[in-house]
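Chain Y is already provided as a structure; the job is to place chain C on it using the hints.
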Amino acid sequence: DAKTTQPPSMDCAEGRAANLPCNHSTISGNEYVYWYRQIHSQGPQYIIHGLKNNETNEMASLIITEDRKSSTLILPHATLRDTAVYYCIVSAGGTSYGKLTFGQGTILTVHP
Amino acid sequence: GAVVSQHPSWVICKSGTSVKIECRSLDFQATTMFWYRQFPKQSLMLMATSNEGSKATYEQGVEKDKFLINHASLTLSTLTVTSAHPEDSSFYICSASNRGDYGYTFGSGTRLTVV
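Line order of the protein sequences matches chains Y and C. For the first sequence, the working numbering begins at 39 and goes up steadily by one. For the second sequence, the working numbering begins at 61 and goes up steadily by one.
Chain C with its partners taken away, still in its complex shape:
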């Protein structure tokens, strides 16, 4: 089946630094990937839609200059949290559309803690 690999699975960083999270589709090409954020005891909130070779589309209220998304190839999208602050601590999850029987496949998520 379709597999999406997300790395790292967890990261701790200091306030003011930047963190990059990678999302890879391992056995299929994904022209579209999605990035979500999930706070404790809450549902997933869509942050942005990432399209290969073009600028990402951000949901209302998501700062595009803070959450930089790059989708340079059909198998890789990255999310960079710039100048991270404690309130950015969250569970970040990516997903990819494989346009096949599985619809959308999700990565295992990245737990970001900003100290």
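Okay, chain Y solo, but in the shape it has when bound:
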């Protein structure tokens, strides 16, 4: 699986948009970009995933560059409960689900 690079930590003011970047320059054609987050002492929570098109759901938006070498997770209106470790992972998807390998992630702290 391709490796990802994320900043170790980020801060965001409550109510503002949080933009979390991820580099995955070695991503291959069949690999999806997944985003998960982990709140302290809980299992990771799925946020969103995509292959090449931008995606949006009730939690977040995922912007993938045209060359697919990087992506940005956007939390449009961050709240204090969004404080967590955010993991960007690339893995084979579609009909052949590959394993998810976690990096160190980004610690997002949302402050009042």
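By construction, these hints were calculated from the structure, which means they are not laboratory data. Treat the numbers as computed from the prediction; the structure is a model and nothing was measured. The reader is advised that the hints may include incorrect statements.
[Unchecked claim] Label pairs and their calculated CB-CB ranges:
hint : chain 1 : residue 1 : chain 2 : residue 2 : range
1    : Y       : 147       : C       : 99        : 14 to 24 Å
2    : Y       : 117       : C       : 171       : 22 to 32 Å
3    : Y       : 53        : C       : 146       : 40 to 50 Å
4    : Y       : 79        : C       : 133       : 24 to 34 Å
Idealized CB from N, CA, C, for every residue including glycine.
Showing chain C alone in chain Y's frame:
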């Protein structure tokens, strides 16, 4: 949405005993489940991939005789930590692939403390 139930949520056991952790997919069938371990302030480390009806595939450095994995049905995988020692104390998390819109769903984790 897809739900994965993990039990127990926490367990304390004596050194030398064995502990079994269950991972169930409640509303979908999971041919593949994954087991992770997480030490404090560290990321999740994949231990093994569990496939229904076949032997698990262990990651390099994970002792298969110590961490026994059984995936006997499409909704249940178990991880047994045999002859547990204090260094096995960790947060164990399972996940399952539902091959749907949610990709992978994770359990809530099991905090194992070996005393």
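Against the structure, the hints:
Remark: the range hint 14 to 24 Å for residue 147(Y) to residue 99(C) is upheld by a beta-carbon distance near 22 Å. Distance hint check for residue 117(Y) and residue 171(C): the Cβ-Cβ separation is about 26 Å, which falls inside the suggested range of 22 to 32 Å. A beta carbon spacing of about 45 Å between residue 53(Y) and residue 146(C) agrees with the range 40 to 50 Å that was offered as a hint. For the pair residue 79(Y) and residue 133(C), the beta carbons lie near 29 Å from each other, so the given range of 24 to 34 Å is met.
Of the numbered hints stated above, none is contradicted by the structure.
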